[in-house]
Amino acid sequence: GAVVSQHPSRVICKSGTSVKIECRSLDFQATTMFWYRQFPKKSLMLMATSNEGSKATYEQGVEKDKFLINHASLTLSTLTVTSAHPEDSSFYICSATRGQGASNEQFFGPGTRLTVL
Amino acid sequence: SQQGEEDPQALSIQEGENATMNCSYKTSINNLQWYRQNSGRGLVHLILIRSNEREKHSGRLRVTLDTSKKSSSLLITASRAADTASYFCATDDLIGGATNKLIFGTGTLLAVQP
Chain A
18 GAVVSQHPSR
28 VICKSGTSVK
38 IECRSLDFQA
48 TTMFWYRQFP
58 KKSLMLMATS
68 NEGSKATYEQ
78 GVEKDKFLIN
88 HASLTLSTLT
98 VTSAHPEDSS
108 FYICSATRGQ
118 GASNEQFFGP
128 GTRLTVL
Chain W
224 SQQGEEDPQA
234 LSIQEGENAT
244 MNCSYKTSIN
254 NLQWYRQNSG
264 RGLVHLILIR
274 SNEREKHSGR
284 LRVTLDTSKK
294 SSSLLITASR
304 AADTASYFCA
314 TDDLIGGATN
324 KLIFGTGTLL
334 AVQP
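Those protein sequences? They're chains A and W, same order as listed.
Those letters in the first sequence? Residues 18 to 134, by our numbering.
Those letters in the second sequence? Residues 224 to 337, by our numbering.
Treat the hints as calculated values from the structure; they're not laboratory data.
Any given hint could turn out to be false.
Claimed, not checked - No more than 25 Å apart at the CA atoms, straight line, and that leaves these computed lysine-lysine pairs for PhoX-like:
hint, chain 1, residue 1, chain 2, residue 2
1, A, 59, A, 83
2, A, 37, A, 81
3, A, 81, W, 293
4, A, 83, A, 72
5, A, 31, A, 83
6, W, 249, A, 58
7, W, 293, W, 249
8, A, 31, W, 293
9, A, 72, A, 58
Quick caveat: nothing in here was measured; it's all calculated off a predicted structure.
Work out the full structure: start from the sequences and follow the hints.
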């Protein structure tokens, strides 16, 4: 149990286009989903926290108009990179928690590799 | 930056040897977790240690936590080539107020030579 999927696993797009990445909790309802980005050989940096039915909370320095997050249901959150540029190329990973509380485990998706040409 | 630091950044050992990775963090925590990431893949949760625990074991993994020094270590005993991966520590963000948030360390890249 506690499987999180991401789609697509890889995407290549042209500069200026928008890309949508889906994060789904397959066998549980996710009260909260998180979006991270990871540059090569670097750590995960939290971009935003998403709760179903409410606006996402963005970390300092993350442009909310560029990285649109929608958490429409308890099993789906989407991240849209708008007007993508080469510097947005990165590995995007989502995670989900299925309850609330300080020690709640996050279950991670397999990641999406975005390459912007 | 609240990001924790890990050392070493990279570690290369022979199969059968033990591998020790260290993590230091900056804030008060409820718990600390260790994750593993194979190249280009998602994260796999390894172990969680609570702030009132000092040591925890899971199979070949041994984790220690010293809250007075704000540090933790992960020991992998009798390493195997399949243990080759990046290892990250992560702490919950008490200062931010949202206790579900995780702050990841910089990671240790472990290479186990067969």
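Hints, one by one, checked against the model:
no. : hint          : in the structure
1   : A:59 - A:83   : 22 Å, holds
2   : A:37 - A:81   : 14 Å, holds
3   : A:81 - W:293  : 33 Å, violated
4   : A:83 - A:72   : 15 Å, holds
5   : A:31 - A:83   : 16 Å, holds
6   : W:249 - A:58  : 22 Å, holds
7   : W:293 - W:249 : 7 Å, holds
8   : A:31 - W:293  : 44 Å, violated
9   : A:72 - A:58   : 31 Å, violated
Figure legend: structure checked against the earlier numbered hints; hints not met, in rising order: 3, 8 and 9.
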